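Q: Letter by letter, the chains look like this.
There are 2 protein chains.
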Amino acid sequence: MKFSVKRSELASKLNIVNRAISGKVIIPILTGIKISVFENQLTLIGSNSEISIKTILTADKTKNLVVEEAGEIVANANFFSNIIKRLSSDQVEISTEGSQIKIVGGKSDFTVSGQSADNYPQLPRLDDANTIAISAVQLTDIINETIRAVSIQDSRPLLTGIHFIISDNQIKAVSTDSHRLSQRITKTAIANPADVVVPSKALIELRGLLENVTNLNLQFDRSQLLVDLGQTTFYSRLLEGQYPETDRLIPADSTTHFTIDASQLSQSLDRASLVAHQSGNIVAEFSITGSKLVLGTAQSEVGKVLEELTISDFTGEDLKISFNPDFVRDAISSINEGKLDFSFTTSLRPFVIKPNGSTDNSKVQLITPVRTF
Amino acid sequence: MKFSVKRSELASKLNIVNRAISGKVIIPILTGIKISVFENQLTLIGSNSEISIKTILTADKTKNLVVEEAGEIVANANFFSNIIKRLSSDQVEISTEGSQIKIVGGKSDFTVSGQSADNYPQLPRLDDANTIAISAVQLTDIINETIRAVSIQDSRPLLTGIHFIISDNQIKAVSTDSHRLSQRITKTAIANPADVVVPSKALIELRGLLENVTNLNLQFDRSQLLVDLGQTTFYSRLLEGQYPETDRLIPADSTTHFTIDASQLSQSLDRASLVAHQSGNIVAEFSITGSKLVLGTAQSEVGKVLEELTISDFTGEDLKISFNPDFVRDAISSINEGKLDFSFTTSLRPFVIKPNGSTDNSKVQLITPVRTF
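So the sequence lines, in the order shown, correspond to chains C and V. Take the first sequence: its position 236, counted from the start at 1, is 236 in the numbering used here, and no numbers get skipped. Take any residue in the second sequence, note its place counting from 1, add 373, and you have its number in the numbering used here.
To be clear, the hints were calculated from the coordinates, so they are not data collected in a lab. Nothing here was measured: the structure is a model prediction, and the numbers come from that model. Just to be clear, a hint being listed does not mean it is correct.
[Unchecked claim] Here are the simulated lysine to aspartate or glutamate pairs, DMTMM-like style, with alpha carbons at most 20 Å apart:
#1 V/K427 - V/E578
#2 C/K107 - V/D634
#3 C/K107 - V/E658
[Claimed, not checked] Under 10 Å between C-beta atoms, here's a sample of chain C residues computed to sit facing chain V:
#4 N76
#5 N82
#6 S95
#7 Q100
#8 I103
#9 S113
#10 Q267
#11 V275
#12 Q278
#13 Q299
#14 V302
#15 E307
All residues carry an ideal CB built from backbone N, CA and C; glycine is no exception.
With the hints as constraints, model all of the structure from the sequences given.
A: Laid out in structure tokens, this is it:
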């Protein structure tokens, strides 16, 4: 194998595949990146067996890439990437001699040990894949809206993923850690029905790849997700099992309702959260009396805080309700809108946060109260 | 106690005293900041028993501070500072009721637990202090030049400090971890002789306070350093004992010499260090043959690197010498000049790095080679 490549191009391609490289892999060869050059094309593959990323660079007139001899090798991902990052030259020449990789750039001359590409696992192949077209903006929005409510406990593995329900011309994405729930419904082109759970870690890495992308295709079979981003292809294993039914959890009615400025509430919650964390009792309380809203914490050994908040469009009954302030802050960040509608029934039933004026369930953040008595 | 203060002023004063607050203190009250208001002046004190910082804010026409009732209290440093940081208002009102502290800003109303200021330790008093005037730029330069060679091992506590030898009209500052040595001699106003060792941790915090300061006074007695920065006073315990004699360690002659561009060498050392750390053998080698310099690492299981470097003013004999590349990088950062002179005797004797053209020992970085055979 022998090729020369523009250093900045190679470095940015390495950044892409390094998203799939994990510090803790069971298969030793997965600490490496598979580098292949064939017919004027450089292919890099990184994988941690949960997710895999492949990206290609094609030789063209700008001479970003000049292939002299085809071949394949596996290079240690961190070590190789750090070398490329720290070379002083614009162009870098890479060649192999047996399992040794020579990297030459400027006056630097590296020889590093590689591994045979024969032992590198094959990329997944999808059977009878279901394809759905979506814009990068839409997918980023779905992930941002649902990622925070995903469970971080491994006791119920399915809840560590986001549930995608594709039907007709919409994607419904739902996440829940059983204390809170996020739902985002997005209109898309007509697609075949599908029901899959994608690990949240995969979606976080995928989101990182969407920045310079406009449109993409999602493909699913029973066990894999493939995302075609053009030069880059992203693969993730799907979580197996039946995700719990969540539609029935979202209340249809409410008895108390108000509208509030998101940034005002978020700052007040920051302060309440500060007191809650200092006391070790992560609970805050809304106290609604005659259209006046007070956010506060219980009196603890370290102290307490009370704040009066400005609300509008108040309807319904007085209420006291306790909750985890961090969950409400997360919900506000997830919705990412200036004004929010809060709807409550009783102090023991989940309450709902939606963008102001929303009349459907396309953006829902549901939070279960904390019982304090 | 009752006063109102401009929030941003209080926050920046808290940032100052928080430099003395440590997560691991033995005396519980030192997790707090002592807040005192007397006669139109607010005083804040933070301490970790090694260092203490006092800073004052005076009531003036701009009404940054309005004192209504004198008094003292100790507030939890992190909790109180975080509350002040997150309040939404420009002004904040602070008062006490027994050991409770009320903090009111905007619509937020905090009540937090404080501790009696009676239990807070007294600030050190210096006996027969020796005073020396110095500019903040000079002191920053001394610290930057010597801090990296300080020992991080507790086995020889004195070496964890910087040795200041004040005589006539100069300060000589020396640090060594017994593998390398840094020396900086600075001309100052006439001062009485003194010989003290200041803990490096104290000097790092002190450096952080020098940014908006022009001139300052250092005062020493046998056990304490006091730095008068105007509104802020910094105290540090001194290290006790006889610092080793270091003058004799700096070689007077050399048999091989060259001049090199600091940034070129630093980048090459970055790459050599990368290979050295990957292989676990933190050694690089200069190989000087007929006025040609090659920097390289030994061949290891992970690989090796070789780089030819451009040097000038070469004189003397060919040489191969092995060293810790991180120490040379640190030395280059410490000297902080564009061109450097390297002087060697044999491959077993320490070598010296100075700014290009330096004919005295006012800026010296000394590095002991690594024996590789």
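Q: The structure should be examined with respect to each hint, and the outcome stated for every one.
A: Hint check:
{"no.": "1", "hint": "V/K427 - V/E578", "in the structure": "13 Å, holds"}
{"no.": "2", "hint": "C/K107 - V/D634", "in the structure": "15 Å, holds"}
{"no.": "3", "hint": "C/K107 - V/E658", "in the structure": "16 Å, holds"}
{"no.": "4", "hint": "N76", "in the structure": "7 Å, holds"}
{"no.": "5", "hint": "N82", "in the structure": "5 Å, holds"}
{"no.": "6", "hint": "S95", "in the structure": "14 Å, violated"}
{"no.": "7", "hint": "Q100", "in the structure": "8 Å, holds"}
{"no.": "8", "hint": "I103", "in the structure": "9 Å, holds"}
{"no.": "9", "hint": "S113", "in the structure": "6 Å, holds"}
{"no.": "10", "hint": "Q267", "in the structure": "6 Å, holds"}
{"no.": "11", "hint": "V275", "in the structure": "7 Å, holds"}
{"no.": "12", "hint": "Q278", "in the structure": "5 Å, holds"}
{"no.": "13", "hint": "Q299", "in the structure": "8 Å, holds"}
{"no.": "14", "hint": "V302", "in the structure": "6 Å, holds"}
{"no.": "15", "hint": "E307", "in the structure": "5 Å, holds"}
Hint check: a violation occurs at hint 6 only; the rest are consistent with the structure.
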